[in-house]
Each structure stands twice: as structure tokens, then as C-alpha cells.
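Visitor: Here are the chains, one letter per residue:
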Amino acid sequence: MIELLKVPSLLTVQDSGRFGYRKLGIPVAGAVDDVSARLANYLVGNPADAPVLEFLLAGPTIKFNVSAVFAVAGDVDLRLNGVPIEPWTSYWAKRGDILEVGTLKSGLYGYIAFAGGIKCRPLLGSCSTYPRAGLGRPLKAGERLNLGHAILTGRDGRHLPPELRPDYSAEEKTVRVVLGPDLDHFTEMGIETFLSEAYTVTPESDRMGYRLDGPAIEHSEKGADIVTDAVPPGAVQVPASGKPIVMLRDAQTTGGYAKIAVVAAADLPLVAQSRPGERLRFEAVSVEEAQELLRRRERMLAAIRKFLDGEMRAYRIRTGGEELIAFAKVEKE
Amino acid sequence: MEPTIKPAGDSALVISLGEVIDDEVNRRVHAVARAIEKTGFEWLVEVVPAYSTVYVFYDPLRAGYSEVVAAVKPLLQVTSEEFEGRLLEIPVVYGGEYGPDIEFVAKHSGLSVDDVIEIHSKPVYRVYFLGFLPGFAYLGGMDERIAAPRLERPRLKVPAGSVGIAGKQTGIYPIESPGGWRLIGRTPLRLFNPEKEPPTLLQPGDRVKFVPVDEYEFRELYEGEWGRRDD
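Protein chains in written order, with full-length UniProt numbering: chain G, 1 to 333; chain E, 1 to 231.
One chain only, chain E, in its complex shape (with noise of 0.2 Å):
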């Protein structure tokens, strides 16, 4: 498809590959957003890429909307480079109290846990973008068999690291925070850390895999990862 562009209000512009979820367009998505990227324009403050656009925002007084589009459209011709993130394996406890939906979510499947553990540790994902909450990532990549509704009614509080289903996507919650996906296991490392530069461990582009461990390693692994708390 033709890109398009589009004013997203004073200071944004939106440039749209279509209007799909498609590994394909998401690499050229992410292509475009690394190529404005580069050329450091002063005007420029941040890039936002997602499923199958790319929102520029800028700096309306120092380049106006026209200025900008004619800077960016020579850049939307980037044929999307094999661009590979880094491979990050996240380990996950599956089931229990970590994953209180995992039994639904086999039995929805016709499934049994044993299997939804397998076909969801099995993908190479990739992290189609950032967004909803700080470091959530969008992963695309899930075996629809294992697909299941959201809840019906979303929990208040779901904890950091719970690794979910909701339809055909995955992922893991950075942070606490309410939320409606069916949650099948939880993961020991800190997703989310401001302290950190970059404050995200996922970044657009990269790949995860699912690893599954036991209780044992996760509490391990929790210390080590989080250290010591002041809960």
C-alpha cells in the first residue's frame, strides 16, 4: 500500500502502511520510524511506531506541517531491512497462583495445561511496539489455538510480570495494574524500571521467547532480579 500521511492534530503527524496487523508491515513500520530517527531533524521530538503507523511528533514552531511532511515522505521509501532486535528469553511460571486462568484458558481450547504451556513457549514473538502501559509490549506471533476471551470482568489489580491472553495476543504486564486478560503465568523479571536507561528491558523490534521454569528458579530469579524491596 501507498503510505499516507496525515496531521494528527498541531505537532503530530500520522503516516499509516495500512490498516492491518502484519509482520510484514510492522518491519517496514519500524524501518520508517528508524529512518526519521536518524536524520535528527531539530524540529523532530519524538517517533511513536505502532501495529501499521508511525506518529511523528514535532515541534510546531520551529517547522510547520507542510515542512515536516516534505521532510519525511523521501524516508517512507525504505525497504524494511532485516532488522532484528535482540532474542530476550523470558522465564515464566505457568499455572497456579501465577497463572490463575491457565485452566480456562485450556479448557476454552479443549486443550490440556500441558499443551497451552507448550504451543505458547514454543513462537519466537516479536514485539510489534510499545504502548498502553509503560513497557507493555504488543507481541505478534500467538498460535491462535490457544486464543480465549478477555474477562468479563477485569481484575483491579494484576500483578507485575503476569504474562496474559487476551483473543489472539499475548503479553506481560509491566506493573501492577487492573486488567482483563486471562492470566496464564507471571514472569520474574522487571519489565519497567525507571531507574534504568533505557527504563523498558523489551524495546520495539525485539524477539521473546517464552521459557517456561518452576517455582523454584522464579524466586530465585525474583531476587535476583528485584532484589530487596521495601513492600
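The following block holds chain G by itself, in its conformation from the complex (with noise of 0.2 Å):
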């Protein structure tokens, strides 16, 4: 069992979603950053799904009262038992320990695996927390959460070095998108308008979606509205204002705006991680171009996977100035 001492911010339990529901009006919800989430819960011997803890921006305070392997993934710097330890990395907590979760330096959300994963009851198959329908409930100070158990597979010193971290350090990303579907609601100037300026993340952002402002996207003689139908994540809505709008995992199902495009998938975590004043700018690639970009993630992430797990070595190499990493299997004597 550990102990939430302090919660800054918001807090969540968070897994890789809810899917089959969006037909009943219920959004996926899930980890933001997927990526983040994954790779925290491969460094403590996880599965990929494995429920763990999303902070914004500032990390809680946790007592451990039972000891437990744990890893915290976000640009963060943490104190265990006062003494500074690193993110990317698994530790064994004793019980007793006091874990300190700073506040991230750059993105915006950061995640705390526990090997076992974090104990708690599905809810329609998934245990990530959306709380406008009472799936779940931000955590608050004072409360304890159960683990799952992991005596076998949480092993500490499992360490991701910076080169195969996400970075989402800069102040402006490039976020590629696939053009539609509701292309016939602009004008060809708004989609140029849109491809080619700068977008600026608002406050007016949550997990539910980003409100951008920057120049406004002109919609054709159809208007912004359209006859309501599904919303997927990274759907990129332009209501009347022409302002977009990008939505994320606790996007409401169904809406009525016109979509000029959805984010490809694989960068999908770089929006969700882009804090208020940051900007976005976006690239029309091929529905064929996107889905080879997040079958290339996920071949990373499955190298990554066996990388941390002793199977493959990672090699960085350099040529003609392109920094690339380089995998390889591990033979066993």
C-alpha cells in the first residue's frame, strides 16, 4: 500500500483505455501520453496496459508503506528519502520510504508505474479514471492505493537512457495530421491557413481537448457545422471562430464542429505534452504515411521493451549528421 502525503496538482489513475463504449457516449480516456505511460510501466517489468499514475505539470508525495519497484517518467527531478534519484530509471522503495515528485521541466504530464501495477477495480474494463461520468475520481492527499503483486517481475536499475527518451522539450512542434474527413467544410485558403501558421496552445486546455489560437482557419459556404457524428482523439474541430481545436482521450464521443484533420496517432503524446504558449504547427501526411509511423513507434518501443529487459543492447550511431539507435540482440552464454 502507498500513501498520497501531497497531491499539487491534478492526479490520476490512468491505463491504455476504455474502448467498446464510445457507442454508449463514453470516451476512451487513458494515459494522454501513451508513450510515457508505456515506457514507465516497462521499466518496473509491466505490461504495457498496466494501471499506473498520471500528474499534471507538479508530482505528489508518496510514502511507501509496503516495499515496491517503481519508476517515474517525465523531464522531473525527484528526491527519494531527500536523497535526489533519477526519472527513467526503477527503484526499490523499502517501506518507510518517502518518494518526491517534483514539477516537470518541460511537457506536461508526467507517470508513476509501481511494479504489479496499481490495484483497483474496473470499471466497463478499464481502470482509467474519467470522473464527469463517475468513472473514477482525482486522488487527493490522504489517500492509499493498493498495488498489484510483482514479487517476480519488478527488478530495479532498469535505466532508459536520455536518447531514447521522449523529448518534448521544444517550444514548437511539428505534429503531423491526416487531412479530413470533413475537408469539404474549408476553403482552400482555411486548409493553407491551417498548414502553414503557427498555433499557440491556450490555457483553455485539458484532457479533453486544446484550445489553439493563432490565424483564423476560413470554412467554406458549409459552415462550421456539421451534422453531428463520432469525434476521434487528435480530431482537429474548427468551430465558427476558426480557432482550432485539438481533442485528447477525454474527448466527448460525438460533436457537431467541422474536422479539418486528425493528428496522427504516433504524435498524438507530442500535443498532449505541449503546455499553455507553446505552438503548434501542423504537416499533412498520407492516412498510408501515418500508420507507417506508428507501426515504426511501435517497433521502437518493442526494442525498447527488450532492451530494458535485458534481451538487446542499444547502440547510438551517427552518420551524415542523423543521430539513429541502433538495436541488438543479447546472446545468451
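If you're looking for bench data, these hints aren't it; they were derived computationally from the structure. Think of the CB as a built atom: it goes at the ideal place given N, C-alpha and C, for glycine as much as any other residue. Be a bit skeptical, because a hint or two may be false.
As the list claims (entries may be wrong) - Straight-line Cα separation of at most 30 Å, DSS-like style, residue types lysine-lysine; simulated pairs: (1) G:LYS222 to E:LYS6; (2) E:LYS157 to E:LYS209; (3) E:LYS157 to G:LYS243; (4) E:LYS196 to E:LYS209; (5) G:LYS173 to E:LYS196; (6) G:LYS105 to G:LYS63; (7) G:LYS222 to E:LYS73.
To be verified - Beyond 10 Å from chain E on every Cβ pair, some chain G residues (computed): (8) LEU4; (9) LEU56; (10) LYS94; (11) PRO166; (12) ALA170; (13) MET189; (14) LEU195; (15) ARG275; (16) MET300; (17) ARG305; (18) THR319.
Said to hold, decoys possible - Here are some, though not all, of the chain G residues that point toward chain E, as calculated from beta-carbon distances under 7 Å: (19) GLY20; (20) GLY25; (21) CYS120; (22) LEU123; (23) GLY134; (24) LEU135; (25) LYS140; (26) GLY180; (27) VAL227; (28) ALA264; (29) VAL287; (30) GLU298.
Join the two chains into one complex using the hints; note that each chain is given alone, in its own frame.
Guide: See the structure below:
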């Protein structure tokens, strides 16, 4: 069992999401940066979809009432019993230890994984928190959480080197999108504006969606409203104001604003990790290219998992000014 | 109209059967959605029907866009076989504290409050689809005589079970939420319960009939339906 001593910001339990209920109006929810959440789980030897803690900007202070293996994903300072320790690394905590998670230096969401996962009672097949519908609620100071059993899998000393970590520090990020499906609601000039200008993340942004500010996107004579239909995560809706809204994991399942594009799934964490004031630029790719990006990301994550499990070694290679990571199998003796 | 298929990002595609709110088109939407669900494709994540579109969410790591399009296309020819969902009676106490806008709706339509209740509770509505909130049903078939504009300033808290009118639509708030619909009544039934499977009372394709009840019946039903709650 762990105890939350301090909870300075939004802290929720999330897993890979709630699927199969969108047609009943229930959003997917789940970790907004599924890559960081998965890496945190890999670091402690968990399956990719084990429930983790997601914090917004500032992390909690946690007291361990049980010994446990944990890891924190995020660009953040950590202290275990007052002694600085590293993020992206797994540690053993003993009974009575206190973990202090600081404020993220870049990015917006951080993740804390525990070997065995956080025990929770799944609602509709998932532990993802979606407070609006009573599917879990944000955690408060003083609460206690039980951890799953992980005697066999939990291992400390797993470390993800900086070159394998996601980097969310750029103040202007380029996000790849598949144009459409409601392109006929925009003029050519509107589409051109969307693809050539930078859009600033506004403070009116949460797990549901990010409102962006920038040059207005022009609608065609069909206007900003469509006959209401489904909204996929990553959908870029443009209401009558012309200012785009990128929908995230908690987005309502259906909506009536025209969608100029949908963010490539591989780039959705980039959007989620952008802070208010940071800028996004959109680059159009084909649906096949977006799917190839996702396959490439999955191959990389699978290799990282093997690297963390000690089955592969990672090498850094520089060729023609480009840096590549190569993985090679470790031969067992 | 010939159906069109377009990508909606890299993990979904949208089948459009028109850009209309129409009973016949919506029946076809459900026929197509059911046909796709029945196939059990291993790449299929979920299907979301709306007024005139079917969104197909798929796993791009299991199948690429063109493969999914090829698999879905032959299923679009299904005729809108007469699928009728269940007929559900929804008890509603109209007016008073439960429906604070019913007098506005009556005035706006040039009718009496009793007329509004009669006109609203007469039709059998069809659940076109669910969305906006967990368990929120988009109902087709409201009599346009009682159509009313949304509030200029939405309420911050609309109680769960509130029955409202917005333009030519009517609907029930399944959970407490902000909202701008004109509230004419409230049902004691619980429309969303995450502890149940399925978690929503209404399913796409169901039919709904509102039945006026009095406050006493409401309270009795409320106790029975909601049980004791730790408010």
C-alpha cells in the first residue's frame, strides 16, 4: 500500500483506455501520453496497459507502506528520502520510504508506475479515470492505494538512456496530421492557413481537448457545423471562430464541429505534452504514412522493452549528421 | 445516396450515407453498423453510428486503411432490415421544480402547459444514436410545434434525469452536467450506471415513449431505481 502525502495538481489513475463503449457516449480516456505511460510500465516490468499514476505538471509526495519497485517517466527532479534520484529509472523503495516528485521541466504530464500496477476495480473494463461520468475521480492527499503483486517481475536498476526518452522540450512542435474527414467545410485558403501558420496552446486546455490560438481558418459556404457524428481522439475541430481545437483522450464521443484533420496517432503525445504558450505547426501526411509512423513507433517501443528486459543492447550511431539508435540481441551464454 | 468512405485519421474511417437527419437514413446507418460489428474482424476496435455516418475504429497495426476499406465495402449494401430496438417507457414528472422551463416552452409555442405535456408524451421516439454524454440519446421524432430555442446562458448544473428541448430535439440528461436545453421535466430512471453492463439504459435503435407521472410516483420510482445514495 502507498499513501499520498501531497497532491499538488491533478493526479489520476490511467491505463491504456476504455474501448467498446463509445457508441454509448463513453469516451476512451486513458493516459494522454501513452508512450510515457508505457515506458514507465516497461521500466518496472509491467505489461504496457497496467494502471499508472498520471500527474499534471507537478508530482505528488508518496509514502511507501510496503516495499515496491517504481519508476517515474518525465523530465522531473525526484527525491527518495531526500536523496536525489533519476527519472526513467526503476528503484526499490522500502517500507517507510518517501518519494517526492517535483515539477516537470518540460512537457505537461508525467507518469509513475509501480511493479504489479496500481490495484483498482475496473469499471467497464478499464481503470482509466473519467470523473465526469463517475468513472473514478481525481486522487486527493491522504488517500491510500494498493499495489498489485509483483515479486517476480519487479526489478530495480532498469534505466532508459536520454537518447531513448521522448523529448517534449521544443517550444514549437511539428505535428503530423491526416487531412479530413470534413475538408469540404473549409476553403483552400483555410486549409493553407492551417498548414502554414503556427498555433499557440491556450490555457483553456485539458484532457478533453486543447484550444489553440492563431490565424482564423476559413470555412467554405458549408460552414462550421456538420451533422453531428463521431469524434476520434486527435480530431482537429474548427468552430465558427476559426480557431482550432485538438481533441484528446477525454473528448466527448460525438460532436458537431467540422474536422479539418486528425492528428497522427504517433504524434498525439506531442500535442498532449505541449504547454500553454507553446506552439504547434501542422504537417499533412497521407493515411498510409501516418500508419507507417505508428508501426515504426511500435517497433521502437518493442525494441526498448527488450532492451530494458536485458534481451537487447542499444547502440548510438551517427551517420551523415543524423543520429540513429540500433538494437542488437544479447547472446545468452 | 451512394455511401462514401473517407479516412478519419490513421485509426478510423467514416462511412457517410448522407448529410441529413432522417429516419430512413439512420435505419441504414444501424444496419451497416451491425453488419460490421457482426463480422468480428480482428482489426475492429469499435463502431460508432450517428445520424447519417458510421465511424469504424480499427487497429492500424493489424490492418492498413485500404485493407479495411476493402473489407467494409461489401457490407454497405445491406438493406435497412426493419430493426426495432426495445420499446422503453420513460416516466416523467413534467413542470414545477423538475421542469422549470415548461412555461417558457408553452408560451413560445402559443400552447398551454398541458398541451406541451400531451404533445411531448405522445410520439414514440427513436434513439438515433448516443453521444455528447455517457448515455445521452439523440431522439428522432419530436413534434415541431413544441420546438424551443436553447437558453442564452447555459445552466452550470442540470440534474441527472432532466428532460429538455433544444430546437427541434428532445433528450434526457443522463448525468449531472452543464447544459443549455429548456428543461420541461425529469425522469427518476437512471440512464447511466457504470456498475451495470451495458452501462446505459438506452441503446442505439431503441424506441422511447415518455409517460407522465406525478411527483408521488416519481419519488417512489426514484427510491426504487436509485436506491439509497450517499449524496
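Visitor: Hey, is LYS94 (chain G) genuinely clear of chain E, shortest beta carbon separation above 10 Å?
Guide: With a cut-off of 10 Å, LYS94 (chain G) remains clear of chain E, as the shortest Cβ separation is near 37 Å.
Visitor: Does the interface hint hold: is VAL227 (chain G) within less than 7 Å of chain E, judged Cβ to Cβ?
Guide: Since the shortest Cβ distance to chain E is 5 Å, the answer is holds.
Visitor: With 7 Å as the cut and Cβ atoms as the points, is GLU298 (chain G) at the interface with chain E?
Guide: Status holds, d = 6 Å.
Visitor: Given a cut of 7 Å on the nearest C-beta pair, is the interface hint for GLY180 (chain G) held or broken against chain E?
Guide: holds, 6 Å
Visitor: Quick check for students: does the CB of MET189 (chain G) sit more than 10 Å from each CB in chain E?
Guide: holds, 21 Å
Visitor: Does LEU195 (chain G) clear chain E by more than 10 Å, comparing its Cβ with all Cβ atoms of that chain?
Guide: holds, 16 Å
Visitor: With 10 Å as the threshold, tell me whether MET300 (chain G) passes as away from chain E on beta-carbon distances.
Guide: At about 13 Å from chain E, MET300 (chain G) clears the 10 Å cut-off, so the statement holds.
Visitor: Please verify whether LYS196 (chain E) and LYS209 (chain E) have alpha carbons no more than 30 Å apart.
Guide: At roughly 23 Å apart (the allowed maximum being 30 Å), LYS209 (chain E) and LYS196 (chain E) satisfy the hint.
Visitor: Was the hint right that GLY25 (chain G) lines chain E, CB cutoff 7 Å?
Guide: holds, 4 Å
Visitor: Would the hint on LEU135 (chain G) be counted as holding, given a Cβ-Cβ threshold of 7 Å to chain E?
Guide: holds, 5 Å
Visitor: Examine each Cβ of chain E, and state whether all of them lie more than 10 Å from the Cβ of LEU4 (chain G).
Guide: holds, 22 Å
Visitor: Since LEU56 (chain G) was said not to touch the interface, does its Cβ keep a gap of more than 10 Å from each Cβ of chain E?
Guide: holds, 22 Å
When held up to the earlier numbered hints, the structure conflicts with 5, 21 and 25 and fits the remainder.
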